[in-house]
Amino acid sequence: MFKVMCCPVPLNLKLIDPFFVPERISRLKKMARNIWQGTLPNTIRFEPEGFAFDGENQRLEILRSGVVCYFCTIATDSKKIERPNGQPLVLDFLDYRAVQVALLRTVKLAREVYRFTGYMGLFVPKVALENIADKGLYDPKFIHFYTNTPNPRCSYQDIILPYGFNPLEAKSLETPRQIADKLLRYIYRCFGFEALDTHTIARTDLSK
2 MFKVMCCPVP LNLKLIDPFF VPERISRLKK MARNIWQGTL PNTIRFEPEG
52 FAFDGENQRL EILRSGVVCY FCTIATDSKK IERPNGQPLV LDFLDYRAVQ
102 VALLRTVKLA REVYRFTGYM GLFVPKVALE NIADKGLYDP KFIHFYTNTP
152 NPRCSYQDII LPYGFNPLEA KSLETPRQIA DKLLRYIYRC FGFEALDTHT
202 IARTDLSK
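As numbered in my numbering, the sequence shown has no gaps in its residue numbers, which increase by one up to the final residue, 209.
What follows is a set of in silico ranges between Cβ atoms, one per label pair, in the way DEER data are often shown: (1) ASP93 x VAL10: 35 to 41 Å; (2) PRO151 x HIS200: 20 to 26 Å; (3) GLU83 x ARG25: 50 to 56 Å; (4) THR150 x GLU170: 35 to 41 Å; (5) VAL10 x PRO42: 25 to 31 Å; (6) ASN167 x GLU48: 25 to 31 Å; (7) HIS200 x ALA76: 23 to 29 Å; (8) GLU48 x HIS200: 35 to 41 Å.
Note that these hints are calculated values from the structure, not bench results.
All values reported here derive from a predicted model rather than from experimental measurement.
Glycine included, each C-beta is placed from N, C-alpha and C at the ideal position.
Hey, can you work out the whole structure from these sequences and the hints?
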């Protein structure tokens, strides 16, 4: 399970107020469906503080507070990697494209929601991955890690990143790939990759 959250601080801002009126709900639904290019679940569940596109393998929440949270299952695929020592590595790999797309779309939706409300304050971006122990992340850009590292399996069971409380200004959402790059570098380091602060990881073709 992969989770992405953009959360304004403090939490009691109630950015979208009034919230439960037809024009606002319709606008927020349209924003989300456009960014996810029609792939969101058709089922919508209303809750006390917002609503969610609720499906079997994904869920997108938009709350009155301005919190945007996306949950999705990341598929794994077993691959055999040939190695110089002659001992091939067989590993279950997560789809890096699915991780990047989920992250970029969530950040983009948060940008649209904050623009809609005129919010220019602080927000906290967070990501989490669950049940990743002994798995890999199949990004061709870093595949050399799996061909050359003695034990390349992920040693983390679950991760929540960044570790601390690192609020950003809402205006930084004008460049969602930069925010995505910061979060992706954290994720990639958890898999053992040399993802430095100077590296651009988010793919241009996935950010559209």
